[in-house]
Amino acid sequence: MLQGLSKIIYYAICLTVVLGIYTWGSISGTKLFGDDNKNNDGHTFNSSGSGHLGGHGYYFHK
Amino acid sequence: MAALGNEIINNSSTTIHCPACKEDINVVETQKSIYFSCSACGTFFERVDFSLNTLRKFKEEDRCEPTIPLGTTGIIDGYNYTLTGFIRKKQTDDDIYWNEYTFATPGDSWYIIFAEYDGNWMMIWRSENQNIHVEQSISGEYYAIDTGKRHLLYLVYKYNIIDAVGEFDWNILKDEELTTYEYATPPSLLINEERDDNEANWFNACYVSPKQLIDYFKIDPARLPKKNAFFSFNPSKFYPKWKPFMYFTGITIMLLILINAFIAVMKPEKEVFNNTFECQPDTISNNNSKAIISPAFQITGSAPVYFTIRANGLSNSWIQMQIELINDSNGKVYEIEKTIEYYDGYDDGEHWEEGEKKQTALLSNIPSGTYHLNIYPATEYSKSTETGSNPVFSLSVKQNVFLSLNFFITLTLILIYPCIQLVRKYLYENSKWFDKEYGSLPKN
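Chains as they are written, first to last, in this note's numbering: chain A, 1 to 62; chain B, 1 to 444.
One chain only, chain B, in its complex shape (with noise of 0.2 Å):
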């Protein structure tokens, strides 16, 4: 214990000794502050009353330069910050250090402390939520619940205090007593200290990347750290772009469903002709079969048209057919071709069948107007004249119908982005928090 002179224990002074070296240390804090670690020596001591007690000398080997000189003043939310502590940890159980700057509002008891681990940077500021309970999954995991957000656990350590520099309102060398607790939800973090009695206290954190670091403290870039990619709290680059990304897909895809919404109330579907016909050989000419020539219809158009061709009598027999829809007004013809074939039987008593009864084709964008169908049937008569009859097949033509295709194709390209950039979050995060260099999730 070193005895003080007056000029130093008056509590409106902004310097103070050190105890060992005589080193002079600045205080910003004058009411708060009672612990103090000298930059020169690395004493760590307590001020109490009129007196010094040294606490512990730190190990020069440890010893570190912060990065953010004691003093740097910084503007965040509209909030005047002082850089007045800086220590460095060390994880108790593991060669893994980090960095701790607390940032103090002069005159006030609210501190937020910025945390850099292998150059990457993370804000923490003690959470306004200190009700926040955590849960056990039936996998085993443990999640903490803060405001319906769920944390998943995926770090507990305790460390011990390996150096610090400036002045503090609490004593940091009883913080190795702490279990921390972090629960992650990429970017943002959770925080829970606890002391061996239970008492816990909650801490938000979200990284901070050196451009916002720079921004807040007008730091000399060159003075920040290197980054180490393997090891970082950082979120990819694509986390700004996240949310407004998740938006405009969600209200594209909204903007589809309400399209097709209004044009099924607009262009109904609606069947404009259906009949059944009888395939007759043609006795007369070369041709196999009698041309069909149906009954004129409408179609309002623009419109999509949809052919069903169903031969439901149909046995080890085919039709094959070419349907002409032909615009009664301008002679425009809209051909499409089509087989039916069927084939049925029994081998080593197992039934057996091959082909379809029922054929479909879509002609798309056809124009208002009346139309007729020329149908130009062939078929096997040889089979007709050991069933008695000749093959019938009935057409239905149905227009706007709903056009699946497009549909599916266009919800793909609207979906196919947000997939890969999905795909692209998962195995970041994956390989960010799961590296095993970083620790692995505790199995309890």
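Next comes chain A alone, as it looks inside the complex (with noise of 0.2 Å):
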């Protein structure tokens, strides 16, 4: 099994690079490809400013 593995060894290590983001991505609950957070700059919500973080005119402002 080895000296076969020795034949495929860069196919080997590529699906273990794989295997292991994806391991990492299920236990962070990280979605690889992208998801629905539209704040990517990791802002902060400001307790005492205007409050409303963006997006369209009738929004609430607080």
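Don't take each hint at face value.
To be verified - One-sided excerpt, in silico: chain B residues whose CB lies under 8 Å from chain A:
#, residue
1, Ile34
2, Phe248
3, Tyr334
Said to hold, decoys possible - Mimicking SDA-like on lysine to any residue, the simulated pairs with C-alpha atoms at most 25 Å apart in a straight line are:
#, chain 1, residue 1, chain 2, residue 2
4, A, Lys7, B, Leu255
5, A, Lys31, B, Met266
6, B, Lys243, B, Asp215
7, B, Lys158, B, Leu255
8, A, Lys38, B, Lys270
9, B, Lys270, B, Lys398
10, A, Lys7, B, Lys57
11, A, Lys38, B, Gly301
12, A, Lys7, B, Gln421
13, A, Lys38, B, Ser404
14, A, Lys31, B, Thr339
15, B, Lys57, B, Asp93
16, B, Lys243, A, Ser28
17, A, Lys38, B, Asn365
18, B, Lys270, A, Asn37
19, A, Lys31, B, Thr412
20, B, Lys332, A, Cys14
21, B, Lys243, B, Met123
22, B, Lys398, A, Trp24
23, A, Lys38, B, Lys243
24, A, Lys38, B, Ile409
25, B, Lys243, A, Leu5
26, A, Lys38, B, Ile293
27, B, Lys241, A, Cys14
28, B, Lys267, A, Ser28
29, A, Lys7, A, Val17
30, A, Lys38, B, Thr360
Claimed, not checked - Sample of chain A residues facing chain B (criterion: CB under 7 Å; computed from the structure):
#, residue
31, Tyr22
32, Ser26
33, Asp35
34, Asn37
What the hints contain is simulated information worked out from the structure, not anything from laboratory work.
A quick note: this is a predicted structure, and the numbers were derived from the prediction, not measured.
All C-beta atoms in this analysis are idealised placements derived from N, C-alpha and C, irrespective of residue type, glycine included.
Combine both chains into one complex, guided by the hints.
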């Protein structure tokens, strides 16, 4: 089996990397190919500020 | 018939004289060999007691020099073999020629044959299992079943012996009565040689690369005939990799499933929030609707968080909303925007509908903590006036949902290369085995 593995070493490495990334994604709960979060700059909510963080003009402003 | 001197007919002698040209023929199997063919003049004869009977003289134009010299020795799987005979054959009904080299194990009845066609080599040996049966499929194809493995019949032919050199323990000319059936499961082959009286002998065959042949018999590579790529029995270069390749792919897929099962147990899917909200017009500020602030709820992460927004009562209207998931301890905001719109009606008596009453969104990699939602809806209140009620929507939040896109993209990445190889294998075999030059599958 190990002897056979040496014949496909690059394929085995690629699959191991793919499986590793998938495992990391599953454990961390990360969607690997983009999610629906519109807030990509990671800013924080400012409770004393104007509240609403972008979007349409008719949205509520605190 | 030629009389022989006593020194020649002695069974222990290592040479025999050709009855036609008196050329010395070296004999390896002095006890077994009774048929001989002279390399000098092409006379095929048999030894009967104290006489030599000429059976055939091969035509000069058909004769050729063996690639591997007679007497060549080699070790295969621990057995010593010596090349004792060379036969050149021609398919009876076609101009297809090939050569066969008979290697004997001195003092033993076991022998193997190396067949060469257009520079492609096969090793042939008598099958241990002579109980192979043939069956016909519904589509009319014939298969030989050997220990559960099916081999498709792809060639049926008879042949003539047009040249031979060396010694034999059977009358090779009698082989011209045989009908040969070849059943293929590349890169191996099953060969059935049947006589008219239905006596059948089964042989196994497998492809041998020129490199293997050189290793076995230490042949000068320059002597080997050039390989014709269009008429080959040789497997593709990826054949040696095929088995470990499929094993590893299978193991990877099993690991993928096991990882999912483990994650499902360790981080089960759970609904952390579910509530129904009513959109209300904001009469104080210039905003369309009042903001909604949800109660706090816990997320145990890191986790993917899945939002399902439903507005089942929505009709010919829309609700647009911005939803902020806010971490109460550090104020970090995760933001989604969704619009639900649903219209329906009747045109010429036919009901139509457009849009959906449900939307979903996913936020991934959300850390553990206490969270709440700020929801900023917007809608058309003119419709509410008609119906007498404001639009209502429900919002469900689940953590640790199955990330199906991750799974299927990973599965695709795992399978894409094996699929390419499968197609390559199929195309390769198709072009090789069913090449019009090679002969087509028998109709029956």
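Identify every previously stated hint that the structure contradicts and give their numbers, smallest first.
1, 7, 10, 16, 20 and 23
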